Amino acid sequence: MTAPDTAVSIGSMSMKNPVMIASGIFGYGDEFRGLAEYGELGALVLKTVTRQPREGNPPGHRTVETPAGMLNAIGLENVGLEAFVRDKLPAALEYGTNIVASIAGEAVEEFAECARALDGTGVAAIEINISCPNVKKGGMAFGVDAGASAEVAAAVRAATGKPIIAKLTPNVTDIAGVAVACERAGADAVSLVNTFSAMAIDVESRRPLLAAGSGGLSGPAIRPAAVYRVYQVAQAVEVPVIGMGVIWNASDALEFIIAGASAVAVGTALYADPAAGNRVLNGIRDYLESHSIARLSDIVGSVEL
Amino acid sequence: MTAPDTAVSIGSMSMKNPVMIASGIFGYGDEFRGLAEYGELGALVLKTVTRQPREGNPPGHRTVETPAGMLNAIGLENVGLEAFVRDKLPAALEYGTNIVASIAGEAVEEFAECARALDGTGVAAIEINISCPNVKKGGMAFGVDAGASAEVAAAVRAATGKPIIAKLTPNVTDIAGVAVACERAGADAVSLVNTFSAMAIDVESRRPLLAAGSGGLSGPAIRPAAVYRVYQVAQAVEVPVIGMGVIWNASDALEFIIAGASAVAVGTALYADPAAGNRVLNGIRDYLESHSIARLSDIVGSVEL
Amino acid sequence: MSQAQRRAEPGAGGSAGRGPFRLRAEVVESEALPAVHHRVVLRAPEIAACAQPGQFVHIWCHPPAEIDRPPCDALLRRPYSISRLRPPDGVEILLRVRGVGGRLLAAKTVGDALDVIGPLGNGFRTWPDIGVAVVVAGGIGLAPVPALIARLAASGARVVLLAGAETDEKIPFRVERPRAGRATLPEVAALGAEVTFVSESVEGILITEVVALRLDELPEEGSAMFACGPRAMLKRLAEVASGHIPLQVSLEERMACGLGACRSCVVPVRCDNGTAYKTVCRDGPVFDAAEIDWERLTP
Amino acid sequence: MSQAQRRAEPGAGGSAGRGPFRLRAEVVESEALPAVHHRVVLRAPEIAACAQPGQFVHIWCHPPAEIDRPPCDALLRRPYSISRLRPPDGVEILLRVRGVGGRLLAAKTVGDALDVIGPLGNGFRTWPDIGVAVVVAGGIGLAPVPALIARLAASGARVVLLAGAETDEKIPFRVERPRAGRATLPEVAALGAEVTFVSESVEGILITEVVALRLDELPEEGSAMFACGPRAMLKRLAEVASGHIPLQVSLEERMACGLGACRSCVVPVRCDNGTAYKTVCRDGPVFDAAEIDWERLTP
Ligand SMILES: Cc1cc2nc3c(=O)[nH]c(=O)nc-3n(C[C@H](O)[C@H](O)[C@H](O)COP(=O)(O)OP(=O)(O)OC[C@H]3O[C@@H](n4cnc5c(N)ncnc54)[C@H](O)[C@@H]3O)c2cc1C
Ligand SMILES: Cc1cc2nc3c(=O)[nH]c(=O)nc-3n(C[C@H](O)[C@H](O)[C@H](O)COP(=O)(O)OP(=O)(O)OC[C@H]3O[C@@H](n4cnc5c(N)ncnc54)[C@H](O)[C@@H]3O)c2cc1C
Ligand SMILES: Cc1cc2nc3c(=O)[nH]c(=O)nc-3n(C[C@H](O)[C@H](O)[C@H](O)COP(=O)(O)O)c2cc1C
Ligand SMILES: Cc1cc2nc3c(=O)[nH]c(=O)nc-3n(C[C@H](O)[C@H](O)[C@H](O)COP(=O)(O)O)c2cc1C
Ligand code: FES
Ligand code: FES
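Residue numbers (my numbering), protein chains in the order written: chain A, 4 to 308; chain B, 4 to 308; chain C, 262 to 560; chain D, 262 to 560.
The set of hints was computed from the structure by calculation and includes no laboratory data. Remember, predicted model here, so these are calculated numbers, not experimental data. Incorrect hints may appear among the rest.
[Unchecked claim] Derived pair list, reagent style SDA-like, types lysine to any residue, alpha-carbon separation capped at 20 angstroms:
1) Lys369(C) with Lys496(D)
2) Lys539(D) with Gly83(A)
3) Lys539(D) with Thr559(D)
4) Lys539(D) with Ala214(A)
5) Lys539(C) with Arg515(C)
6) Lys369(D) with Arg515(C)
7) Lys539(D) with Pro56(A)
8) Lys496(D) with Ala86(A)
9) Lys539(C) with Glu58(B)
10) Lys369(C) with Glu58(B)
11) Lys539(D) with Ala86(A)
[Said to hold, decoys possible] Label pairs and their calculated CB-CB ranges:
12) Ile296(B) with Gly453(D): 49 to 57 angstroms
13) Ala310(D) with Ile296(B): 54 to 62 angstroms
14) Ser15(A) with Glu461(C): 49 to 57 angstroms
15) Pro348(C) with Thr428(D): 49 to 57 angstroms
16) Glu552(C) with Ser17(A): 39 to 47 angstroms
17) Asn534(D) with Ser15(A): 37 to 45 angstroms
18) Ala493(D) with Gly99(A): 47 to 55 angstroms
Positions of the beta carbon are idealized from the N, C-alpha and C atoms, including for glycine.
Between the sequences and the hints, there should be enough to build the whole structure, so can you do that?
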């Protein structure tokens with residue numbers, strides 16, 4: 004048997020395989036360099052940037068472990084668009100695979116400005132983060148509303164010819180509705196889920212364990228909730244869906260794929276295993292081969308109810 | 004020091020302490036009899052009933068374990084209102100503590116009818132389950148919409164003089180909004196969370212592990228997400244909040260209480276430890292004593308951000 | 262265990278008001294058996310005193326002292342058939358170790374404690390004038406068989422055990438294949454049964470077909486059949502037995518409470534108007550085959 | 262470990278392009294120490310070859326072979342200071358076992374493998390003409406001290422260790438209290454330091470106050486101070502040292518990546534216009550005390 008075909012297209016971005024690294028996990032790519040062959044993966048999504056640098060949430064704990072998961076409340080600390088393009092992007096592009104920039108803003112125009120500035124760069128696609136639970140303004144404020152999400156997607160669409168991916172929050176009543184709104188507004192793909200909003204309290208001090216009070220829950224804990232949201236969205240949209248929500252091994256990734264994801268992103272697992280993406284990719288290949296599946300796309304959304 | 008005061012009132016229902024058993028876990032109360040002193044707890048919420056008996060979801064797996072959690076898709080199998088009042092309630096009342104009936108329906112009028120029929124019985128309060136993710140019609144269909152939730156609450160309010168508790172789903176954008184709507188419509192308390200909608204897939208058969216396809220996630224996995232929702236709701240409403248989302252030990256319960264819950268319900272933990280409620284209660288008492296807190300109410304919502 | 266938890270307390274479930282009890286049972290034997298099997302004997306006097314063949318125990322797989330800490334796997338108890346009573350107060354279970362719960366249990370050593378609820382459910386019904394009792398078991402379905410055979414033999418029945426598996430590795434007993442004649446399971450035979458064992462991989466036949474072939478040998482009156490094993494086997498047996506011989510089957514399903522409260526473990530049963538559900542944990546695990554709606558039972 | 266994972270691979274982090282390396286290190290010593298402390302020595306040649314005092318390793322607490330299975334606790338790696346190099350290729354860490362990760366690591370036995378990334382972060386800066394090096398450590402803050410003392414002593418400095426703890430049980434070394442004179446830590450003294458140890462519960466004084474009292478004894482030129490311990494101690498030291506003696510402090514914060522990518526572990530540093538954040542894992546863990554914005558640093 005010839006090697007299974009794992010290629011995936013997101014608009015004009017061709018990925019050799021469906022495994023991506025999720026935004027925010029991997030910084031701007033430089034810090035993990037050398038710990039795995041990141042160039043082998045389908046795409047690397049860099050930490051969300053905003054027009055201006057942001058210092059993020061106040062000092063104190065920004066992450067905390069919970070049963071089978073972790074909370075984070077980084078608060079979109081980032082170097083800002085300009086420094087990103089000047090100092091960070093060139094090194095990331097050296098990985099030799101698709102680099103996706105993730106952008107956020109407090110106003111629609113900010114998203115558009117970021118997208119415009121990235122249009123001339125080497126990024127393969129732009130992810131619009133309308134789902135960060137960790138900033139007061141912007142972020143999730145857009146993502147929880149289908150209309151506002153569509154506005155952002157449309158503005159970014161107008162600002163760039165690059166493929167755009169709308170990253171969705173699970174903290175909504177109707178995630179499929181938000182996905183459809185983004186698709187109609189011109190998104191080439193949707194990615195989900197960002198983290199579930201959550202809080203942990205130290206009962207001795209009666210203070211939240213996170214300095215920011217609340218944060219976002221990721222980890223194996225949320226996988227079934229994430230898989231279901233991918234299933235719901237995949238039923239509703241035509242564009243590719245990128246699934247995430249602690250994909251730790253190939254079986255996790257396949258759950259998302261069978262539920263309807265055309266590609267998957269590895270997040271939290273990278274903290275344990277910097278080579279988690281490569282491990283997942285190898286496992287997906289093994290599964291396709293051992294099940295004589297010629298093309299990955301043959302099983303996307305193949306779940307039988 | 005005298006023993007700490009743990010009493011809580013939900014409308015006219017006085018509970019000697021804040022620990023309840025969550026609906027659906029405990030059946031109609033008979034099956035667990037003898038495995039712990041359930042009469043010591045503040046209240047026991049029985050399995051949700053509907054006007055007519057329901058056979059629930061099709062056969063096959065109705066529960067499945069996931070990392071730090073479980074999915075269930077029972078589908079509100081129940082004996083129906085009439086048999087409940089006739090055959091089940093009398094035995095439950097023998098526990099000698101507050102018995103709360105949980106009701107659901109596919110139409111507003113069905114909730115009202117159930118409430119009316121329960122008005123003359125010995126139940127101490129009525130919980131309206133507008134949050135079951137496991138039935139197609141009714142259940143969560145109401146709970147995801149503030150207006151529809153309020154309609155149900157108002158109809159039940161008109162049908163009974165008993166205290167009513169609105170049980171909320173976390174699968175919404177704005178759980179506080181739904182809580183406020185229920186409060187305005189006359190709910191004496193709100194309880195949350197019901198389970199998070201979720202799905203697990205067997206990658207070998209490419210079929211969902213639950214016969215019903217998707218189900219509800221409970222377990223330690225979701226605790227931080229549940230605590231945050233309790234916090235949000237407690238900020239928004241005046242009425243007592245009943246917190247739940249795998250309360251396994253006293254520390255878990257105290258997290259909910261400090262986040263804003265006046266009472267807590269033990270659910271999934273009962274499957275491991277039929278005496279989990281009593282264990283949690285003892286632990287809360289120990290905490291109050293060792294921290295010289297005279298009244299439980301002194302720490303309700305005491306989290307300092 | 263916390264103060265609130267009782268050492269042994271009669272509950273409402275189980276048969277005839279005896280139990281279930283929840284107790285902290287000491288492991289008095291723990292032995293790895295061939296392939297992935299394991300034998301555990303628990304000192305559980307209250308359970309041993311009233312358990313019936315076919316009933317089960319529901320076991321918390323973590324140390325009882327850690328019940329206050331939510332575990333991240335094996336969150337739920339695990340159901341295991343009572344395999345044999347070991348007087349005066351021992352309860353033996355046989356595990357086929359497949360997942361995390363089984364692994365935790367198999368790692369227990371003598372002196373460890375387990376938090377156990379039991380006996381649960383309704384076991385096999387036996388009655389005094391059974392002439393020939395045919396017990397059919399597939400794979401780990403052999404687990405409850407020793408207790409059943411002992412009971413049947415004690416009641417004076419002639420007990421014929423027809424056991425099968427895909428391979429010898431799929432059962433918790435030693436297989437003996439004499440030069441001439443058929444394979445047997447000496448440990449089970451010793452309990453008072455005429456044993457035939459067939460393995461698909463060696464004998465190349467399914468046990469259900471052996472049953473079908475031998476059904477005619479049975480006297481019309483006073484014969485009864487008892488079965489435990491995979492659903493496909495039980496379904497085929499129900500077809501074979503229907504109209505010929507009364508058959509009781511023991512079913513498995515995913516459980517949460519194990520007590521009949523949560524309605525997790527239902528199986529479809531025939532009823533006048535269509536189908537209804539009964540719980541494996543409380544109405545079963547043993548059912549009359551005629552009662553089950555085999556068409557709607559998932560494979 | 263999967264094929265994709267490398268035995269030892271230079272990464273981009275750490276100081277001066279040396280490492281970090283990810284490797285499967287063998288446990289060559291594992292010893293329970295008094296109270297809840299534990300010593301683990303790993304065979305980690307690439308790390309041992311370039312580690313600096315004050316750098317740390319980031320350890321996956323589960324078996325490397327199980328990396329494909331998401332664990333339910335200790336999901337993240339755990340940072341531990343390199344306590345001492347044990348030539349030719351050993352890296353020693355000292356644990357104060359408090360939580361689940363520590364327990365898992367303390368349970369490892371000789372021959373077990375650990376998946377380790379290191380050396381990480383920037384260690385203590387030392388320079389040739391330090392006359393008197395004052396090392397201040399509180400509690401488990403003593404962990405990185407042996408490597409630091411060895412380095413300082415080798416560079417010809419006179420090394421004075423002022424160590425303190427709430428009780429003797431809070432440190433990973435044996436305390437010796439001679440009839441006359443002050444308490445000492447013989448194991449640490451043997452590395453070439455003059456040791457003073459005070460425990461709040463015995464001597465009734467905080468180590469920071471000892472430091473304050475003895476600051477005048479130090480020559481104005483060529484003295485340097487190095488500290489590791491609880492934040493309250495470090496903050497007080499920064500006050501005491503300010504304007505008198507250059508102070509480097511080692512900070513701790515919750516980590517996820519350990520590589521500087523995720524911005525979990527930031528601490529506030531002074532900068533021209535207000536405050537900025539630096540990462541403990543990559544910019545630190547050792548910082549100049551003057552650089553830290555002590556007001557905004559959470560206690
Ligand atoms: C009434 C009854 C009696 C049983 N008697 C025995 C026995 O004597 N010996 C024996 O080896 N096994 C027996 N089983 C099966 C045994 O319960 C499962 O093998 C065990 O629960 C698997 O747990 P695990 O964590 O090792 O496996 P995992 O596969 O990790 O379990 C995952 C989940 O699925 C459930 N599960 C998996 N298989 C089964 C199953 N067959 N039935 C019910 N739930 C399952 C588990 O309880 C758990 O919730 C019995 C099951 C039932 C219902
Ligand atoms: C640079 C650095 C060097 C360290 N060196 C040592 C050392 O040499 N010896 C030693 O005993 N301890 C050291 N620590 C502290 C050590 O990392 C924690 O004790 C350990 O992570 C606790 O993990 P646990 O699972 O045992 O505890 P838990 O309390 O169960 O941990 C829960 C979570 O909190 C984090 N956490 C808890 N305490 C700390 C802490 N003090 N710093 C950072 N994260 C924490 C854990 O990593 C984990 O994510 C160091 C910490 C840092 C940042
Ligand atoms: C520490 C941390 C930082 C994150 N930062 C971002 C971010 O900047 N932008 C973004 O879109 N998502 C961010 N995420 C969300 C992840 O990209 C991902 O959606 C989420 O964690 C779920 O996937 P996982 O469970 O595999 O980690 C962050 C997650 C973590 C844990
Ligand atoms: C098996 C099962 C059945 C349930 N049935 C009901 C139900 O009938 N009505 C209801 O309001 N909630 C039901 N729930 C939800 C619980 O009452 C509770 O809200 C939820 O499980 C979260 O709490 P926990 O994590 O402590 O279990 C059920 C939960 C489980 C696990
Ligand atoms: S397991 Fe709860 S009813 Fe059977
Ligand atoms: S732990 Fe990720 S930046 Fe420090």
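Each hint tested on the structure:
For the given pair, Lys369(C) sits about 49 angstroms from Lys496(D) by alpha-carbon distance, which is inconsistent with the 20 angstroms threshold. Distance restraint check for Lys539(D) and Gly83(A): the Cα-Cα separation of roughly 16 angstroms lies within the 20 angstroms cut-off, and the hinted pair is therefore satisfied. The suggested pairing of Lys539(D) with Thr559(D) holds, with an alpha-carbon distance near 14 angstroms, which does not exceed 20 angstroms. Taking the CA atoms of Lys539(D) and Ala214(A), the gap is near 16 angstroms; set against the 20 angstroms cutoff, the hint holds.
Between Lys539(C) and Arg515(C), the direct Cα distance comes to roughly 13 angstroms. Compliance with the 20 angstroms bound is thereby established for this hinted pair. Straight-line distance between C-alpha atoms of Lys369(D) and Arg515(C) comes to about 35 angstroms, which puts the hinted pair past the 20 angstroms bound. For the suggested pair Lys539(D) and Pro56(A), the alpha carbons sit about 14 angstroms apart, so the restraint of at most 20 angstroms is met. The straight-line distance between the Cα atoms of Lys496(D) and Ala86(A) is roughly 33 angstroms, outside the 20 angstroms bound, and the hint therefore fails.
Proximity of Lys539(C) to Glu58(B) is assessed by CA-CA distance (about 10 angstroms); at most 20 angstroms being required, the pair is judged to hold. As the CA atoms of Lys369(C) and Glu58(B) are separated by approximately 40 angstroms, the hinted pair breaks the 20 angstroms bound. Simply put, Lys539(D) and Ala86(A) have alpha-carbon atoms about 17 angstroms apart, close enough for the 20 angstroms limit, and the pair holds. With their beta carbons about 52 angstroms apart, Ile296(B) and Gly453(D) fall inside the hinted range of 49 to 57 angstroms.
Judged by the Cβ atoms, the range 54 to 62 angstroms given for Ala310(D) and Ile296(B) holds: they are separated by roughly 56 angstroms. Take Ser15(A) and Glu461(C): their Cβ atoms lie about 54 angstroms apart, and the range 49 to 57 angstroms holds. Under the hint 49 to 57 angstroms, the C-beta atoms of Pro348(C) and Thr428(D), about 54 angstroms apart, fit the expected range. At about 59 angstroms, the CB distance of Glu552(C) to Ser17(A) disagrees with the hint of 39 to 47 angstroms.
Look at Asn534(D) against Ser15(A): about 41 angstroms separates their beta carbons, and that is inside 37 to 45 angstroms. Judged by the Cβ atoms, the range 47 to 55 angstroms given for Ala493(D) and Gly99(A) holds: they are separated by roughly 48 angstroms.
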